[in-house]
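So you can see what is in the structure, the chains are spelled out below.
Protein chains: 2
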Amino acid sequence: MKLGNQTIVFKNRPKIIGNYAVVGPKEGAGNFGSYFDYVMKDDRFGEKTYEGAERKMVETAIVGAIDSAGLIPKNIDILLAGDLLNQIISSSYAARSFDIPYLGLFGACSTMAETLAVGACLVDGGFFNNIACCTASHFSTAERQFRFPLELGNQRPPTSQWTTTAAGCSILSSKGNGPSVTMATFGKVTDWGITDVNNMGAAMAPSAMSTLVAHFEDTHTRPEDYDLIVTGDLGKLGSEVLIDLMEDKGYKLGVNYCDCGQMMFRREQKPLMGGSGCGCSASILNSFLINKIKSGQYKKILFMATGALLSTTATQQGETVPGIAHAVVIER
Amino acid sequence: MKLGNQTIVFKNRPKIIGNYAVVGPKEGAGNFGSYFDYVMKDDRFGEKTYEGAERKMVETAIVGAIDSAGLIPKNIDILLAGDLLNQIISSSYAARSFDIPYLGLFGACSTMAETLAVGACLVDGGFFNNIACCTASHFSTAERQFRFPLELGNQRPPTSQWTTTAAGCSILSSKGNGPSVTMATFGKVTDWGITDVNNMGAAMAPSAMSTLVAHFEDTHTRPEDYDLIVTGDLGKLGSEVLIDLMEDKGYKLGVNYCDCGQMMFRREQKPLMGGSGCGCSASILNSFLINKIKSGQYKKILFMATGALLSTTATQQGETVPGIAHAVVIER
Chain A
3 MKLGNQTIVF KNRPKIIGNY AVVGPKEGAG NFGSYFDYVM KDDRFGEKTY
53 EGAERKMVET AIVGAIDSAG LIPKNIDILL AGDLLNQIIS SSYAARSFDI
103 PYLGLFGACS TMAETLAVGA CLVDGGFFNN IACCTASHFS TAERQFRFPL
153 ELGNQRPPTS QWTTTAAGCS ILSSKGNGPS VTMATFGKVT DWGITDVNNM
203 GAAMAPSAMS TLVAHFEDTH TRPEDYDLIV TGDLGKLGSE VLIDLMEDKG
253 YKLGVNYCDC GQMMFRREQK PLMGGSGCGC SASILNSFLI NKIKSGQYKK
303 ILFMATGALL STTATQQGET VPGIAHAVVI ER
Chain B
3 MKLGNQTIVF KNRPKIIGNY AVVGPKEGAG NFGSYFDYVM KDDRFGEKTY
53 EGAERKMVET AIVGAIDSAG LIPKNIDILL AGDLLNQIIS SSYAARSFDI
103 PYLGLFGACS TMAETLAVGA CLVDGGFFNN IACCTASHFS TAERQFRFPL
153 ELGNQRPPTS QWTTTAAGCS ILSSKGNGPS VTMATFGKVT DWGITDVNNM
203 GAAMAPSAMS TLVAHFEDTH TRPEDYDLIV TGDLGKLGSE VLIDLMEDKG
253 YKLGVNYCDC GQMMFRREQK PLMGGSGCGC SASILNSFLI NKIKSGQYKK
303 ILFMATGALL STTATQQGET VPGIAHAVVI ER
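One line per chain: the protein sequences are A and B, in this order. If you count by the numbering used here, then the first sequence holds residues 3 to 334, one letter each, in order. If you count by the numbering used here, then the second sequence holds residues 3 to 334, one letter each, in order.
Any given hint might turn out to be false.
Only pairs whose alpha carbons sit at most 16 Å apart, straight line, appear in this in silico EDC-like list of lysine to aspartate or glutamate [said to hold, decoys possible]:
1) Lys50(B) / Asp229(A)
2) Lys4(B) / Glu219(B)
3) Lys254(B) / Glu219(B)
4) Lys254(A) / Glu242(A)
5) Lys254(B) / Glu242(B)
6) Lys50(A) / Glu321(B)
Covered by chain B, per the in silico footprint, the following chain A stretches (three or more residues, Cβ under 8 Å) [unchecked claim]:
7) 153-163
8) 200-209
9) 261-274
No lab work stands behind these hints: they were computed from the structure. Here the structure is a predicted model, which is why all the values come from computation and not from measurement. Yeah, the Cβ is synthetic: ideal placement off N, Cα and C, and Gly gets one too.
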């Protein structure tokens, strides 16, 4: 059922019956190390290329999540996945390993929320019973695709974020036990003219504000109605910008607000503004957050992943960086 | 309602209440020239870059389709779009021009069917009333991204296809008049080991076969149950491969089978194996095909767009070319 302009309420409350997160060694040494299902010993994951490693991470997350749901791959009706690489090859080539229908989605770092929002519609509408929702990112594939060859040893500007090497997968189901996806708010592309590709937090904050305000207005809720409001990977700077922007709109984000990018790494790991990449919020959702909902620590969270929709071609042609944010409400 | 393993039947039969196709000059001079809504005078479309032109084509198709439905942009609940460019910038940057929630999808040249299939679920499930489904491709952006700089004047191998400069958009609605989307079959990623990136038809034919066989099995139909079975852009070679593969599976594709890639250009335009690109099947669907359904010439068609899920990075790393095909049934 549509509520307001951008929000859907799921009357059948699709359940997250399985979840899995696999991360790289640096992420394993970060703040959530003990929560992740699998920490890779090295970021090649036994593959010849970083792209091969990222694909294997997607496969590992999907298999792990299916297994944690007590299912086997042939129980999954459809796979929804996407990633940052050109033509989302990590997802598409991983999907090749499964005899499951596949829909590729692209929302940059908003992909985890995008797959959950679309997946929840497909389950709630009675179209599919079990859906795998997955995304991933890898520092070394993203760095050389979007920025510089790693070998260059380029200096990183202070506003930059560190692309997380991580994959996360959730299994959404019409039956079973687990946290429920009760609402989804679909975001609009928002562009306030940021051109600095090393300041993704500032570029994405307006889209986060846009979706968050739309969510509160559509649902007649306020920040204090959620045990936790967690954004994808705005990082330290971007999440501070979001707090300011929301205050201008009359919403005070308090201690129940946090950002996955800001939390992923320890300070001494020098991630500058924090983590980024599709896998950042995907891996924290599919480990720490879902565990805390299951244990009862959080009863109702708003999970909003944010994406910067740029490409190197767009940037080279002088374009600004548009952002998008999709949100899902997950309840115990 | 799910039927068999991969097919959904839409009980509320979402309607295509608006459609629009914009194409380049070469496409305008092709077999469907008189059917397209707008033929660009030059393939820059008044923009400084080909990428800018492709984005403007997406915007034009969306505005045109909304207008043809007798609606205005604020009547559209959500936009589903994707394209071939890295990080689907044509779609995302075009979405920035509209104050409409946006979901990016990526299925390479299968995107028109992917957006319609997902869109039909979202309408049929009662989540949204009006959805814009759009995709586009541009010869000059695809050529320089996937193959060689245009300035190189590279020779094209005989199995290659010509990326169509075209955009198509459909407006799906829960109400109104127009052809109905009655079923969708979601494809699996299929890879038979083709490594020749200049032979997309052969790479995609097995995925087309996979989805077509799944559709016939799920729905207990046969090729003769459709007035027309139309594939996306297998081209001359790929569609012949599909005919052979289907015959091996016990299905004879007869005179009611055709391929958008094969039909797009005139022989004297020397497109080699025919047209390709997301815009190829999208523009033919949103002009010729929908018109012929409306006029009663076709009562029931199976529209199946096919995509090759490669990237230049995957190819350079020695990977084969996986394909995917999604199908929708459109009835008068």
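Practice task
Check each numbered hint from earlier against the structure, then list the numbers of those it violates in ascending order.
Solution key: 1, 7, 8, 9
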